[in-house]
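Participant: Modelling step: build the complete structure from the supplied sequences, incorporating the hints.
Those sequence lines, one after another, are chains E and V. Just so we're aligned, residue 1 is where the first sequence starts under the working numbering, counting upward by one. Just so we're aligned, residue 485 is where the second sequence starts under the working numbering, counting upward by one.
Read the hints as simulated data drawn from the structure, not as lab findings. Given the structure is predicted, the values throughout are model-derived calculations rather than measurements. It is possible that part of the hints are untrue.
Pair ranges (Cβ atoms, derived) [unchecked claim]:
| no. | chain 1 | residue 1 | chain 2 | residue 2 | range |
| --- | --- | --- | --- | --- | --- |
| 1 | E | Arg152 | V | Cys583 | 17 to 27 Å |
| 2 | E | Gly457 | V | Glu899 | 25 to 35 Å |
| 3 | V | Ala652 | E | Glu241 | 43 to 53 Å |
| 4 | E | Thr455 | V | Arg851 | 38 to 48 Å |
Backbone N, C-alpha and C define an ideal beta-carbon position, used for all residues, glycine too.
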Amino acid sequence: MAGAKRGKSEASVLAPHFGIDARGLESVFATALAKPIDFADAFFEYTTRDAVSIEEGLVKTGARSVEQGVGVRAQAGERQGYAHADEISLESVKLAAGTARAIAEGPGNTRSVALRRPAQPVYDLYPLRQSPTSVPIDTKVRLLQEIDAYARGRDPRVTQVMASVACEERNLMIASSDGTWVADVQPLVVLRVQVIAVSGSRRETGSQGTGGRIAYARLGEPETWKPLVDESVRIALTNLEAVNCPAGTMDVVLGPGWPGILLHEAVGHGLEGDFNRKKTSAFSGRIGQRVASPGVTVVDDGTLPGRRGSLNVDDEGTPTDRTVLIEDGILVSYMQDRLNARLMGMKPTGNGRRESYQHLPMPRMTNTFMLAGQDDPADILRSVKNGLYAVSFSGGQVDITSGKFVFSASEAYRIEDGKIGAPVRGATLIGDGPDALTRVSRIGHDMALDPGIGTCGKDGQGVPVGVGMPTIRIDALTVGGTQG
Amino acid sequence: MDELQDAVAHALEHARKAGAYAADVGLTAGESFEARVRGAEIDFVKQSRERSLGVRVFYGGRGGLSSATTRTNDLTPRVIAGVAADAVALARATVPDPCAGLPDGGFASGPNDLELFEPCDHPFDTEARIASAREAEASARAVDPRIADSDGSQVDSGWSRIVYGNSAGFLGDYESGRHSLMAESLARSADGKMQRDIWYTASRRLAGLEPGASVGVKSAKRALRKLGARRVPTCEAPVIFDPLVAPSLLRQLAGCLSGYAVYRGASFLASRMGERIAAPGVTIVDDGRRVGGLASRPFDGEGLATRRNVLVEQGRLRSWLLDTYAARKLGLASTGSAVRGGGASTTNLWLEPGTLSPETIVTSTPRGLYVTELIGQGFNPVTGDYSRGASGLWIENSELAFPVDEITIAGNLGEMLKQIDAIGNDLLWLGSAAAPTLRIARMTIAGS
Numbered sequence: 001m002a003g004a005k006r007g008k009s010e011a012s013v014l015a016p017h018f019g020i021d022a023r024g025l026e027s028v029f030a031t032a033l034a035k036p037i038d039f040a041d042a043f044f045e046y047t048t049r050d051a052v053s054i055e056e057g058l059v060k061t062g063a064r065s066v067e068q069g070v071g072v073r074a075q076a077g078e079r080q081g082y083a084h085a086d087e088i089s090l091e092s093v094k095l096a097a098g099t100a101r102a103i104a105e106g107p108g109n110t111r112s113v114a115l116r117r118p119a120q121p122v123y124d125l126y127p128l129r130q131s132p133t134s135v136p137i138d139t140k141v142r143l144l145q146e147i148d149a150y151a152r153g154r155d156p157r158v159t160q161v162m163a164s165v166a167c168e169e170r171n172l173m174i175a176s177s178d179g180t181w182v183a184d185v186q187p188l189v190v191l192r193v194q195v196i197a198v199s200g201s202r203r204e205t206g207s208q209g210t211g212g213r214i215a216y217a218r219l220g221e222p223e224t225w226k227p228l229v230d231e232s233v234r235i236a237l238t239n240l241e242a243v244n245c246p247a248g249t250m251d252v253v254l255g256p257g258w259p260g261i262l263l264h265e266a267v268g269h270g271l272e273g274d275f276n277r278k279k280t281s282a283f284s285g286r287i288g289q290r291v292a293s294p295g296v297t298v299v300d301d302g303t304l305p306g307r308r309g310s311l312n313v314d315d316e317g318t319p320t321d322r323t324v325l326i327e328d329g330i331l332v333s334y335m336q337d338r339l340n341a342r343l344m345g346m347k348p349t350g351n352g353r354r355e356s357y358q359h360l361p362m363p364r365m366t367n368t369f370m371l372a373g374q375d376d377p378a379d380i381l382r383s384v385k386n387g388l389y390a391v392s393f394s395g396g397q398v399d400i401t402s403g404k405f406v407f408s409a410s411e412a413y414r415i416e417d418g419k420i421g422a423p424v425r426g427a428t429l430i431g432d433g434p435d436a437l438t439r440v441s442r443i444g445h446d447m448a449l450d451p452g453i454g455t456c457g458k459d460g461q462g463v464p465v466g467v468g469m470p471t472i473r474i475d476a477l478t479v480g481g482t483q484g
Numbered sequence: 485m486d487e488l489q490d491a492v493a494h495a496l497e498h499a500r501k502a503g504a505y506a507a508d509v510g511l512t513a514g515e516s517f518e519a520r521v522r523g524a525e526i527d528f529v530k531q532s533r534e535r536s537l538g539v540r541v542f543y544g545g546r547g548g549l550s551s552a553t554t555r556t557n558d559l560t561p562r563v564i565a566g567v568a569a570d571a572v573a574l575a576r577a578t579v580p581d582p583c584a585g586l587p588d589g590g591f592a593s594g595p596n597d598l599e600l601f602e603p604c605d606h607p608f609d610t611e612a613r614i615a616s617a618r619e620a621e622a623s624a625r626a627v628d629p630r631i632a633d634s635d636g637s638q639v640d641s642g643w644s645r646i647v648y649g650n651s652a653g654f655l656g657d658y659e660s661g662r663h664s665l666m667a668e669s670l671a672r673s674a675d676g677k678m679q680r681d682i683w684y685t686a687s688r689r690l691a692g693l694e695p696g697a698s699v700g701v702k703s704a705k706r707a708l709r710k711l712g713a714r715r716v717p718t719c720e721a722p723v724i725f726d727p728l729v730a731p732s733l734l735r736q737l738a739g740c741l742s743g744y745a746v747y748r749g750a751s752f753l754a755s756r757m758g759e760r761i762a763a764p765g766v767t768i769v770d771d772g773r774r775v776g777g778l779a780s781r782p783f784d785g786e787g788l789a790t791r792r793n794v795l796v797e798q799g800r801l802r803s804w805l806l807d808t809y810a811a812r813k814l815g816l817a818s819t820g821s822a823v824r825g826g827g828a829s830t831t832n833l834w835l836e837p838g839t840l841s842p843e844t845i846v847t848s849t850p851r852g853l854y855v856t857e858l859i860g861q862g863f864n865p866v867t868g869d870y871s872r873g874a875s876g877l878w879i880e881n882s883e884l885a886f887p888v889d890e891i892t893i894a895g896n897l898g899e900m901l902k903q904i905d906a907i908g909n910d911l912l913w914l915g916s917a918a919a920p921t922l923r924i925a926r927m928t929i930a931g932s
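Facilitator: Structural data, given as structure tokens:
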């Protein structure tokens, strides 16, 4: 966007772009606070995105979009009012403030708000010299053509290669009735590769991706994209040989990195503040209790440089943090946004996130992972007589209230006598959140974060997230195969 | 021409000026209202106005056209002109493709008699909508003292107007409304264990919604019957899908019938056109012209008239879902299934009901699983492999015996479709896909 300084962004730089200054913002809050409102904020967004993809060897189409808007929120007790508009002007923001405050009853006590000096985020986790959306489209087209040419040469059984690169730059400015005034520029890139391989009547797919809040140039480096292609091809060819997955309860070893989606589903969502304030989570009221085996420590950390789930400030202007959720097996903290923190008498943890100015913020995860243990991953595999070794997953879901969660393997193997056996066809694993981590019996020393491709959905809002985990063994998890 | 039609014409004009061989423009303007009530209290109220304009251009090249799309929600003339020119610049960077381009003709004409919008529903009566959510909450909690805290009942009302125009001279315009109410109930048993479930109603007209009290009672009863759920031992057994979960099978199938998945070889059905892919009683229809349908529309994302497509007829695969591009790739004609922004998808999708009552289906099943909820995305369209988390009721001695959860059901969609051995007469429209109660003769259930 024009005029915005790169790196640490300042509200004073962004404000002119959105056409609103401190006095304008203060008058917005005066409008909102004409009713008995506990808290009000305004969220300004200007986001550019582009995407190109290749299939059948051709970059057939490209896409670019610009989205801008403002959302105004008012809180009174447990109630929230929200109005948003795609036109950014003082009039439209005031109109939204008038709509948002309607959730409160009776007259307010005329209060005035003085915004603090525009704050810089306290740290800069994604300092970039060039916005990924300002990298010329020709550069991205050439990368996809290189990837395609390389992938086609890998194996004659590969019949289709698809790849895409998507870039985003999200410019935010957040001002609140408590005087907070902060801005951030959030870049995001992702590169995805998918291949289809055919052998006889079998048809299989393999896919990989990588990305984060990093420079576009990182995606263009062969050491970044070649492994994605190699892995996609290897997974597709492996799955061509896959046998039916066993069904039933068995010991499961999960590989490092992306299988950390287990944590996201089994415990992460259940520890979000809103569900716990409303007492609808299977983890409600369980702080201080054992919810995992000794040695299991799970952290949500939005402060990791360059990661997909990281943010300098959350979408309510609160600096992100490193929050220990489970420490040595004991539940110690929930993840909070401002509303739920206030209502529960806790501190916001920098987890208030929203998909865009069109959405109300909610407590959401950032990067959620388990810390490394002591065990050698090879020993962990050897410790299982017969079971399943799952190394890659395609997604998951949880029922917060019953605690039941699933996650679906896209690459998995039988374990036979402590050795990796035949690859098995994809299967869903199911468990009970408050119980599953108490069955963790081994924790590897090989903690890894995922490659930067995760998107979490909640109430129809998608936000980028990260996960991570060392190799672990879980005893007696239900595996949803077809081989009884 | 009004302001929105002007904006579309302006974008087309600037695409042409920038050198586009052809272009089309879709504009959506909408207003929406959402509110959620928990117990007696409002949880949130949300209002919005949105407009969005998307431009697709085709640029002449060697042996075909290259293409690109751009989108903005700032409809000032200067920005629209810039977005149109930017699309052309982007298209010059992509590769010509002989199949790319606007449809050759067949644009929609004639009156729009789909009853997508009831003028008296707009502007929304927000107080009445909140009152129906309160009614759902109150009636749910009155069902049983075990109905406790919940995430609440939510109402949504939306109005939108779609304007679509292209450089071939077509300009189309329609309004639609959409209203819904969803109640989510939470039941708590004496041992502190909780279960939740939902019921919902949606319609193009406010008058078409099920009353709040009835929605609340149904969601409460569904949550209550899940209390005490347990696992069952791993086994093979018949699996019955209730009308809330059965449509998910149709959606998964439809994804495999998209022309894009077919020409890419990314569907397990890619080479099966004309073959028997399902049990003989299975007929699956996609119809964009169902009167009052939640996914009905007079024309698709490329201005082509929507129509009734029989996808599966008495078990035989009869049609893919095609837009102009996928149709040309496969040497076929578009089925009027284009989605703005790219791709081909369903409109109102359903499986023709049979003659059996749902009760008969249960009583004719000595032992098996009656599924009322599925979680996870465990379906692979390339292979048809299917494995999802399930909860519901266990059938023992031909009756619903006890609730079950923390189990999975698994199979292969290709086999599952062939093994549909009972089709209910209870087709239920709750959204844009509908199916009656269905029984699949045999699936693997993984549990304890």
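Participant: So, for every hint listed, does it hold in this structure?
Facilitator: Hint check results:
For the hinted restraint 17 to 27 Å between Arg152 (chain E) and Cys583 (chain V), the CB-CB distance of approximately 21 Å keeps it satisfied. The given range of 25 to 35 Å is respected by Gly457 (chain E) and Glu899 (chain V), whose C-beta atoms sit roughly 29 Å from each other. For the pair Ala652 (chain V) and Glu241 (chain E), the beta carbons lie near 50 Å from each other, so the given range of 43 to 53 Å is met. Between Thr455 (chain E) and Arg851 (chain V) the beta carbon distance is about 40 Å. The supplied range of 38 to 48 Å therefore holds.
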